[in-house]
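Trainee: Each chain, written out:
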Amino acid sequence: MVTEDEVQLRTDNVCLRFGVVKALDGISLDVKPHQLLAIIGPNGAGKTCLFNVINGFYRPQEGEVYFEGQRITQLPPYKIAKLGISRTFQAIQLYHGLSVVDNIMVGRHIHLKSGMVSGAIYFGWAQREEAEHRKEVEWLIDFLELTSVRNRIVGSLPYGLQKRIDLGRALALEPKLLLLDEPMAGMSRDEKEAMARFILDVVEMRGITIVLVEHDMGVVMDIADRVVVFDYGHKIADGLPEEIRNNEQVIKAYLGKPKEA
Amino acid sequence: MDVNYRQSVAMLRTRSQWIALGVLLAFLAVAGRVFPSEIVDVMNMMFILIVAAHGLNILTGYCGQISVGHAAFKGTGAYTAAMLIVRLGWNHWVALPVAALAAGGAGVAFGLPAFRVGGFYLAMSTLAAQFILPALFLFAMPGIVGGISGITVPRPAIGDFSFRIPENQYYLFMPMCVVMTIVARNIARSRTGRAFVAVRDNEPAATIMGINPFGYKLRAFFIGCLFAGVAGWMRVVYDGCVRPDIYPLMGSIWMLGIIIIGGMGTTIGPIFGVILVRALNEMVLMLSPFIGGFFRPEIAIQMGAGLGLIVFAVVVIVFLVFEPRGLAHLWQVFNERMRHWPFKYEPG
Numbered sequence: 001m002v003t004e005d006e007v008q009l010r011t012d013n014v015c016l017r018f019g020v021v022k023a024l025d026g027i028s029l030d031v032k033p034h035q036l037l038a039i040i041g042p043n044g045a046g047k048t049c050l051f052n053v054i055n056g057f058y059r060p061q062e063g064e065v066y067f068e069g070q071r072i073t074q075l076p077p078y079k080i081a082k083l084g085i086s087r088t089f090q091a092i093q094l095y096h097g098l099s100v101v102d103n104i105m106v107g108r109h110i111h112l113k114s115g116m117v118s119g120a121i122y123f124g125w126a127q128r129e130e131a132e133h134r135k136e137v138e139w140l141i142d143f144l145e146l147t148s149v150r151n152r153i154v155g156s157l158p159y160g161l162q163k164r165i166d167l168g169r170a171l172a173l174e175p176k177l178l179l180l181d182e183p184m185a186g187m188s189r190d191e192k193e194a195m196a197r198f199i200l201d202v203v204e205m206r207g208i209t210i211v212l213v214e215h216d217m218g219v220v221m222d223i224a225d226r227v228v229v230f231d232y233g234h235k236i237a238d239g240l241p242e243e244i245r246n247n248e249q250v251i252k253a254y255l256g257k258p259k260e261a
Numbered sequence: 001m002d003v004n005y006r007q008s009v010a011m012l013r014t015r016s017q018w019i020a021l022g023v024l025l026a027f028l029a030v031a032g033r034v035f036p037s038e039i040v041d042v043m044n045m046m047f048i049l050i051v052a053a054h055g056l057n058i059l060t061g062y063c064g065q066i067s068v069g070h071a072a073f074k075g076t077g078a079y080t081a082a083m084l085i086v087r088l089g090w091n092h093w094v095a096l097p098v099a100a101l102a103a104g105g106a107g108v109a110f111g112l113p114a115f116r117v118g119g120f121y122l123a124m125s126t127l128a129a130q131f132i133l134p135a136l137f138l139f140a141m142p143g144i145v146g147g148i149s150g151i152t153v154p155r156p157a158i159g160d161f162s163f164r165i166p167e168n169q170y171y172l173f174m175p176m177c178v179v180m181t182i183v184a185r186n187i188a189r190s191r192t193g194r195a196f197v198a199v200r201d202n203e204p205a206a207t208i209m210g211i212n213p214f215g216y217k218l219r220a221f222f223i224g225c226l227f228a229g230v231a232g233w234m235r236v237v238y239d240g241c242v243r244p245d246i247y248p249l250m251g252s253i254w255m256l257g258i259i260i261i262g263g264m265g266t267t268i269g270p271i272f273g274v275i276l277v278r279a280l281n282e283m284v285l286m287l288s289p290f291i292g293g294f295f296r297p298e299i300a301i302q303m304g305a306g307l308g309l310i311v312f313a314v315v316v317i318v319f320l321v322f323e324p325r326g327l328a329h330l331w332q333v334f335n336e337r338m339r340h341w342p343f344k345y346e347p348g
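Which chain is which? The protein sequence lines are A and B, in order. Residues 1 to 261 (this note's numbering) are what the first sequence spells out, left to right. Residues 1 to 348 (this note's numbering) are what the second sequence spells out, left to right.
Simulated from the structure, these hints should not be mistaken for laboratory data. Hints are supplied without guarantee of correctness; some may be wrong.
[Said to hold, decoys possible] Sample of chain A residues at the chain B side, in silico, Cβ under 10 Å:
(1) Asn55
(2) Gly56
(3) Ile85
(4) Phe89
(5) Gln93
(6) Asn103
(7) Met105
(8) Ala120
(9) Gly155
(10) Tyr159
(11) Leu161
(12) Ala170
[Stated by the list, open to error] Derived CB-CB ranges, DEER-like:
(13) B:Ala135 x A:Lys79: 35 to 41 Å
(14) B:Val321 x A:Lys79: 40 to 46 Å
(15) B:Leu280 x A:Val20: 56 to 62 Å
(16) B:Ile317 x A:Tyr159: 31 to 37 Å
(17) B:Val315 x A:Tyr159: 35 to 41 Å
(18) B:Trp331 x A:Pro241: 54 to 60 Å
Backbone N, C-alpha and C fix where the C-beta goes; we use that ideal spot for every residue, glycine too.
From just these sequences and the hints, can you work out the full model?
Mentor: Structure, rendered in C-alpha cells:
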C-alpha cells in the first residue's frame, strides 16, 4: 500500500451517473508523483468523464477526489486549476481569436499578477510582467517547435499544430498534474512520435505527473509507467504495461480475443 | 526588427508607425482651430461616441457579452455627473470619476444575470436596463433628477478657458478620447484582456486555465460601463444639460451597429465605426433636403430623417454579410498588402 504523502491524486470510490447511466461506478485510483499513468478502455468507458470529475466540470454523486491531500471534489474548475491541475482536450479547445503566443500566454494567467488598473496603465509594472512571462512562453514555443507560426491566429492552423498549442497552453500553467485527453488522436505516425517525445521530455524536465488517455496501444505500452483499464465505468485492471498486456479480462474487453489457432 | 520581448509586445513597433502617430497627433492638435465650428462640433460628438464605443467593444467585442443598454449606462454617468454638479455643487472634475464609477456599478448590477445566461437572454436583461434606467431619469424624484425637462448643467472652465464653445470643448474631448483609447488598448493587451477573449472564445477552456468566467464577465461589464460613464460626463459638457431623451434605446442599437461596422474585438474598430457612421449621418443630413425635394413638402422632412436610419441599417447588413470582421479587418488586409507590395498577398 502507498502512504498518503506518496499519492498526489486520489479518487476514492467516485460514482457519476447521468440518469440511469452509470458513467463511473466506484472508481478508486491513486496517482503517485512524477508518474506517467495511462488510462485505456473502449469508447464510453468513462475515461474522459473521470477527467471531467477531476478538474471539476462534473460533480460526482458519490466519492471524493483528493489532490495532494486536499479534497477538491466540490471546488469549481478555475480553483482546481490554481492548485496546479491542467488538462488538454480530446476535441481541441483553443481561443480561436488569439494568436499562438497569446493562447499560451493565457496559460500563464494564474502566474501573472496585474489586474484591471495596472493593466489599464500598462507602462511600468504590467509591461515588465508581460515581457518576463513572454520568456517562459517563448521557451515553450521553441520546445514545441511552434516558432514559425508564433504570431498566427490559431483558428487557421492545422490540427496537429493545434494539438501542440493545446499542450503548450496546459504546460504554461506550470501544472503539477497534467491530464492529457487523447493527445495523439487523429495524428499521423510522425506526429504521434513527436507528441510522445514532447510528453516524455516534459516528464523528465519538469517532473510533472501525467495522466494520459490514449487509444494507441503501441504508444501507451511504450511510454506509460502504469496502465489502468476502464470498462463500462469500472476499473477492470491496474498494473505495469506488461501485466496489462497479458491480463485475460483486458484482452476480452478491449484488445480483442487472440485468434484461435 | 524586435530585439527583445518588450519591443515585441509594444503598441508601435516600427519607425513608420511612430511617424504616422506623430502626424495624427499633430493633425488632432491643430484641427480644433483650423476647421469651421460645425465640423469641430461633429468631431466632438465623434470623440464622445468613440469613448462609449470602446466600452461596448470591451464588453461585447472582447468579452462576448452582448449589451443593448449601453446608452442607459451612458445616461447613468451623465445623470450622476449632473446631479453631483448641480444639486451638490461638486466640481466637474471631481464628478467625472464618480460618474464613471456609478455607471460601472450600474453595469455590474445589470450584468449579474451573465452568471446564468448568455446571448439572447443576456440581451434581454440588458434591455431591462435600457428601460429601467431612463424611466428612473424621467419619473424618479423629479425635484432632484429633473423629470422630463432634465437638468441644466453649467460648463466647466479652466481659468479663463471655458468649455462653452465647440472649439474649446475640442481640447477637452480630444485628449480624453486619446487617453481612453490608450486605456482600452492597454486593457485589451494585458492579462485582463486576454482573459476576456478566452471567456468569449471558449469558456470551459478559460476555466481550466484558472480564469473565473463569471468574475471576468462582471469585470467586462464594469470596465465597459465605466467607459460609458466617462462618455456620459462628456455628453453633459457637450449638451450643457441632461434630458431623459438623450439616452434612448436607439442610442444603444447605434452603438452595437458602430462596433459591428468597425470590427469587434479590435481597438481600432470602434474608431473606424464611429467615423463611418457619423460621416454617413452627416452626409444623409446634407442630402436629406435634396432627397426631400422629390417628395411632397408635407412628408419631405420625415423622408429625410427616415433615410438616415435606412442607410444605417443597410450598411450594418452589408457589413454583417460581406465583412463580419468590420472595417478593422479591411484595414489589416490593406496593411498587409502594403507590407508585401509589390508582391501579391494572400490573406491567411
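Trainee: Given a cut of 10 Å on the nearest C-beta pair, is the interface hint for Ala120 of chain A held or broken against chain B?
Mentor: Holds, about 5 Å.
Trainee: At the C-beta level, are Val315 of chain B and Tyr159 of chain A separated by a distance inside 35 to 41 Å?
Mentor: holds, 37 Å
Trainee: Please check whether Ile317 of chain B and Tyr159 of chain A have a Cβ separation lying inside 31 to 37 Å.
Mentor: With a Cβ separation near 35 Å, Ile317 of chain B and Tyr159 of chain A satisfy 31 to 37 Å, so the hint holds.
Trainee: Against chain B, run the beta carbon of Met105 of chain A and see if the smallest gap drops under 10 Å.
Mentor: holds, 6 Å
Trainee: Per the CB criterion, is Leu161 of chain A less than 10 Å away from chain B?
Mentor: violated, 13 Å
Trainee: At a threshold of 10 Å, is the proposed contact between Gly56 of chain A and chain B supported by beta-carbon distances?
Mentor: holds, 8 Å
Trainee: Against chain B, is Gly155 of chain A within 10 Å by beta-carbon distance?
Mentor: At about 9 Å, which falls below the 10 Å cut-off, the nearest Cβ of chain B leaves the hint on Gly155 of chain A intact, so it holds.
Trainee: Given Ile85 of chain A was flagged as interface, is its beta-carbon under 10 Å from a beta-carbon of chain B?
Mentor: holds, 8 Å
Trainee: Minimum Cβ distance from Ala170 of chain A to chain B below 10 Å?
Mentor: holds, 8 Å
Trainee: Holds or violated: is there a CB of chain B closer than 10 Å to the CB of Tyr159 of chain A?
Mentor: violated, 16 Å
Trainee: Go through the hint on Gln93 of chain A and say holds or violated, using the shortest Cβ distance to chain B against 10 Å.
Mentor: holds, 4 Å
Trainee: Would you say the C-beta atoms of Leu280 of chain B and Val20 of chain A sit inside 56 to 62 Å of each other?
Mentor: holds, 60 Å
Hints 10, 11 from the earlier list are contradicted by this structure; the remaining hints agree with it.
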